[in-house]
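**Student:** Letter by letter, the chains look like this.
There are 4 protein chains.
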Amino acid sequence: MSGSIYGKMFTISTFGESHGAAVGVVVDGVTPGLELTVADIQRELDRRRPGQSSVTTPRREPDAVSILSGVFKNKTTGAPIMLLVNNSDVRSKDYSALQRLFRPGHADFTYVKKYGIRDYRGGGRSSGRETVARVAAGAIAKKLLAARQIQIRAYTTRIGNIACQKYLPDAIEKNAVRACDPDCAADMEKLVLEMAAAGNSVGGIVECRINGVPPGIGEPVFDKLDAELAKAMMSLGGIKGIEFGAGFKAATMTGKEHNDEITCQGFVTNNAGGILGGISNGAEIVFRVAVKPTSSIALSQHTIDVDGNPVVCETRGRHDPCLCPRVVPVVEAMSAIVLIDLIKQQAALSA
Amino acid sequence: MSGSIYGKMFTISTFGESHGAAVGVVVDGVTPGLELTVADIQRELDRRRPGQSSVTTPRREPDAVSILSGVFKNKTTGAPIMLLVNNSDVRSKDYSALQRLFRPGHADFTYVKKYGIRDYRGGGRSSGRETVARVAAGAIAKKLLAARQIQIRAYTTRIGNIACQKYLPDAIEKNAVRACDPDCAADMEKLVLEMAAAGNSVGGIVECRINGVPPGIGEPVFDKLDAELAKAMMSLGGIKGIEFGAGFKAATMTGKEHNDEITCQGFVTNNAGGILGGISNGAEIVFRVAVKPTSSIALSQHTIDVDGNPVVCETRGRHDPCLCPRVVPVVEAMSAIVLIDLIKQQAALSA
Amino acid sequence: MSGSIYGKMFTISTFGESHGAAVGVVVDGVTPGLELTVADIQRELDRRRPGQSSVTTPRREPDAVSILSGVFKNKTTGAPIMLLVNNSDVRSKDYSALQRLFRPGHADFTYVKKYGIRDYRGGGRSSGRETVARVAAGAIAKKLLAARQIQIRAYTTRIGNIACQKYLPDAIEKNAVRACDPDCAADMEKLVLEMAAAGNSVGGIVECRINGVPPGIGEPVFDKLDAELAKAMMSLGGIKGIEFGAGFKAATMTGKEHNDEITCQGFVTNNAGGILGGISNGAEIVFRVAVKPTSSIALSQHTIDVDGNPVVCETRGRHDPCLCPRVVPVVEAMSAIVLIDLIKQQAALSA
Amino acid sequence: MSGSIYGKMFTISTFGESHGAAVGVVVDGVTPGLELTVADIQRELDRRRPGQSSVTTPRREPDAVSILSGVFKNKTTGAPIMLLVNNSDVRSKDYSALQRLFRPGHADFTYVKKYGIRDYRGGGRSSGRETVARVAAGAIAKKLLAARQIQIRAYTTRIGNIACQKYLPDAIEKNAVRACDPDCAADMEKLVLEMAAAGNSVGGIVECRINGVPPGIGEPVFDKLDAELAKAMMSLGGIKGIEFGAGFKAATMTGKEHNDEITCQGFVTNNAGGILGGISNGAEIVFRVAVKPTSSIALSQHTIDVDGNPVVCETRGRHDPCLCPRVVPVVEAMSAIVLIDLIKQQAALSA
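Chains as they are written, first to last, in this note's numbering: chain A, 617 to 967; chain B, 617 to 967; chain C, 617 to 967; chain D, 617 to 967.
These are computed hints drawn from the structure, not numbers from a lab. Be a bit skeptical, because a hint or two may be false.
Each pair may be met inside one copy or between any two copies, as identical chains are not told apart.
Calculated pairs, DSS-like style, for lysine-lysine (alpha carbon to alpha carbon, straight line, at most 27 Å) [said to hold, decoys possible]:
#1 Lys806 / Lys865
#2 Lys782 / Lys865
#3 Lys691 / Lys759
#4 Lys691 / Lys729
#5 Lys729 / Lys806
#6 Lys689 / Lys782
#7 Lys790 / Lys759
Make the full structure from the sequences, and use the hints.
**Tutor:** Structure representation (structure tokens):
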């Protein structure tokens, strides 16, 4: 199947450009009989929505979702669920100055090389707006997981050189940067606003913890749980790396240090990040993703235009100075989609 | 399709346990008319073979491959190519002491939870021996890529606390640890042997560079080039993380620093690692994977047996004290498989 | 992937119930740069539209399609194309009497058994209305094929006991039943109207001829050209059988009679129906499908309700007394989708 | 995935040419814990084996199967099961006269057009020998179905102009042509031997009945139960058509005649063939396939060689004069594979 489709037994098929008529997703394979309303999906979309706080782009999109199929009397029927979000605040004129040049850090250049066509409207399909579809589909996955007592929680642990020292889950949704350490949150917010004022941007790290996954989830060899999570995360626009459990630190550890010993009470440590041999081991699943600084900055940069001539690029659109806060719900959504798909695959295997 | 199959248009289907009769792979979708002999595949298998150097397990497997189908008169016919490697040096008795306990760091526990069955022969399907199939299939992918002037080169850049400072590609295959910096290689080898002597093991980092990929390869949204590479690498037993280009360092950078400016001569820097929006940009593709220390160590560890009783585990099998040198050809093989599959998908899109 | 998705490299993902808000399809993998307007798609939808002639249901649906993504300045961009058709003439009250019983010949019973849920609105997902999505997607496939000089033409060859004796392609779209023999068309139309007046329905046969397919299209073993066409046709609601070339007549033939001899000018006969070993041979592709009589009839029938009690069913909805005329564009659409997908797979194989 | 792979959750990946080293299959997604021995698979292979009776080719292949992976102590482990059958009686010299011409009715011509390569050894991949892999994999599927009380039984109902009038299941395996009517069997056998003596061949019809499938199996829209069965059957070399229940007779029926009324005891008739809306309805599943006369005949035929010159073809190989008896176990095997795959998909949907 083509590249805008993900999942074997819980399949999402996404569409829509940032400055086209709409974005959306068809979700197929949803367990029938699940209670589902627009509010369930809107709640997650609102967490990813632009304009929700001081540190996000002022672009205002209500991102109101409609359910066009697959739900009858507030219950899923087992038929494909079509979720549609119309694009409302589309200022294509913002992009007119950019339509002939390749913005550094963006996919403008590679899309032209791949498709031979230039859709210059705000990144088109490569825009972060594409994640609306993921978050909408993820809201359904999350409901299915919640019924199994599985909770997914992502949050910011670093922005630039400011790193969280504590993990206080209740703090996350109470600060604008979605940091897990409330003592850092104000400094992080300040840093982001300074970057915005300077026409610059900044990177960070988002961590995700998943609790309640029973042992045995994940397919061996290629479709390992960590492999699918890695694919899902790396398929997000601004992600440059992912690590599980001890992650890159494992490179400097010995086997004696890294192996998680086992007692009757479970694993003593969690360097594995909850996954052994690609299969969940019942411990908390933990991974971190590297979020690059937003590519759209107001500072002038050297680039070339579609004819290969050198030009100066100054992006005047409205953009997030740091992607982390809005990446958080997307990371959760993709985690939920990966998990429910693998849980369904496990049911198929056992049948 | 099930979890031991990878690829859409260049599809590999693997099988075999470490201590079963054989391991192998069916490769479907191979371009017809390619010259292919056993030697092409054997050459790559020999790079991954146990017992090839001072730092690898003394387990001796000739790993002689047979081509059972899909090749006629030394040319691929377009039919599935079956590559079979019989297991010869199978000392199941080595494992008899382990058959009732869950080795720390291994998939013993999760396999039992998933399948409800214990195949205790050396890790069965979760063993690193499964990568024989990947390397064999990758040898075909490499030949197809070589015809397109695409080169893939992986190598060790770190073992424990010893990190390479130079990149000398000609040095890689000349030292036992496959380090890219010959000045580090001797120290690395010494460290690995010390670890082995101590019954311990050590982690490291393997980097991979791919040259010659034309811009435009990679599918947008889910099947991005970096997403597929991440899945492929994370599907390898001992890998705990992956990063592209600037990778996790991007978290501390600003957009102005991170964006790769473009001139008529190409990209000025390569923080992107050769991929923008999930699509190759024509620059060198660069990524690094975190390799955990080998889980099998001789030092005693606490664990439980299949009945949940606490026991002490001392693995007496023959194992690599550091996975990096033998991970190198596997990383190359998986990279090749990912690339040729996406190149074929691009041909389908354009058609 | 789930059951509402078809195609590997040209992938369609459909959604929508007959009496829900809308029906539609996401088409992924479309060659970029193709000229495409709403009119291209509307033209095909108008051929399948209810209310278009004396012999189709009086249910009036304009079936006006919108393109929500994947097209920029009337050209395909390579991104997923979302085609949406709102349902306008939804008289759910027509179905209120039926909501507790299982209509004979319909999927009411099996959907409840499968999903445990009753969506009683006009058949929901199992309604023929689902084919709107197929015809819309097929219109894009047809345009891609037309650029390769491939023509697909389906038509009615039998209704009840009236069978066409001639093949006059120009006559097909000029008679209400889309028969290929204009001398039969009036009798066929009369028969259909008599059936309607009697509250009954009648079956028929639709034939399809495809010209211009180069030899070499179709994947061996499972994804043979005829196997994929058979799946595509049998996936249509009212189809009970399919045969290629000589079809069931081959059962009574000898090899000497059935084999198509070959000369420098090509195949002397076409008992193979243009396909050998699952691969197109360059001759005209010919197949026929058996169309069952419409299940919805006004005559009273014995059935049971959701509680298992015997009841009498009298369907009062507005339905086609014979499916053939409206099956014709759907057969063409599915043929086009199968062909372009296999053509793209062949491009991938050769690459 | 490529064309030699079938199934989503029960996936088979086949390989091997008729005159190559071996044929075989990797079966992935098999429920762990199933008892499985070589004998289970050999039993089915023996039913398809050449040389088993008066009416089959004298080519003698013991077709002895080995299980190379996925089974431990006679139980499936959940890992891919590799089944290998070496080719023993390979007389390539039989084909030397044919290597430069295109045999009528065979895939020689289309394979060359597709692949640009001529593998002239007895049809290579397009040979009926490829079905060894299907029957071997089907034996596993059958065991899984048997545990669910699902029985599949195929048999010959017609050879040339001799049609069975009775259905006596116990008779099937007791006559050489596997006819369901013992009163016809002797005449059928005589006809087949006459055809063989004349250097000719003859077609027939094979019917299949499946009992015990619970209602609710089959995915709506594209992956309907009948659509998947049709694809599976049409993917067999010599099959030219398929029909379910009333089949092509439905074309001449009215809705009142064709609809199966329902009572508390179940469906009164079975024109649907056990499938409504693509989903099993609990009644017996019934379908028939049209089997073409064997393409390999000794009678001389006109054809062309690889240079396009007219030549006369006289096939001297050893071939079945009628395919039906040996198609029977293959039809059963493919039915079993389709069913278990859809049963597993249903488990995933419900999960």
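**Student:** Against this structure, judge whether each hint is valid.
**Tutor:** Results for each hint:
In this assembly of identical chains, the alpha carbons of Lys806 and Lys865 lie at most 27 Å apart only when taken from different copies (21 Å versus 30 Å within one copy). Taking identical chains as interchangeable, the C-alpha atoms of Lys782 and Lys865 lie at most 27 Å apart whether they share a chain (19 Å) or sit on different chains (21 Å). When the C-alpha separation of Lys691 and Lys759 is checked against a cutoff of 27 Å, the pair qualifies only within one copy, where the shortest distance is 12 Å, while the shortest distance between copies is 37 Å. Within a single copy, Lys691 and Lys729 get their C-alpha atoms only as close as 44 Å, which misses the 27 Å cut-off; across copies the closest is 16 Å, which meets it.
Taking the shortest alpha-carbon separations for Lys729 and Lys806, neither the intra-copy value of 39 Å nor the inter-copy value of 47 Å comes in at or below 27 Å. When the C-alpha separation of Lys689 and Lys782 is checked against a cutoff of 27 Å, the pair qualifies neither within a copy, at 44 Å, nor between copies, at 50 Å. Within a single copy, Lys790 and Lys759 get their C-alpha atoms as close as 22 Å, which meets the 27 Å cut-off; across copies the closest is 53 Å, which misses it.
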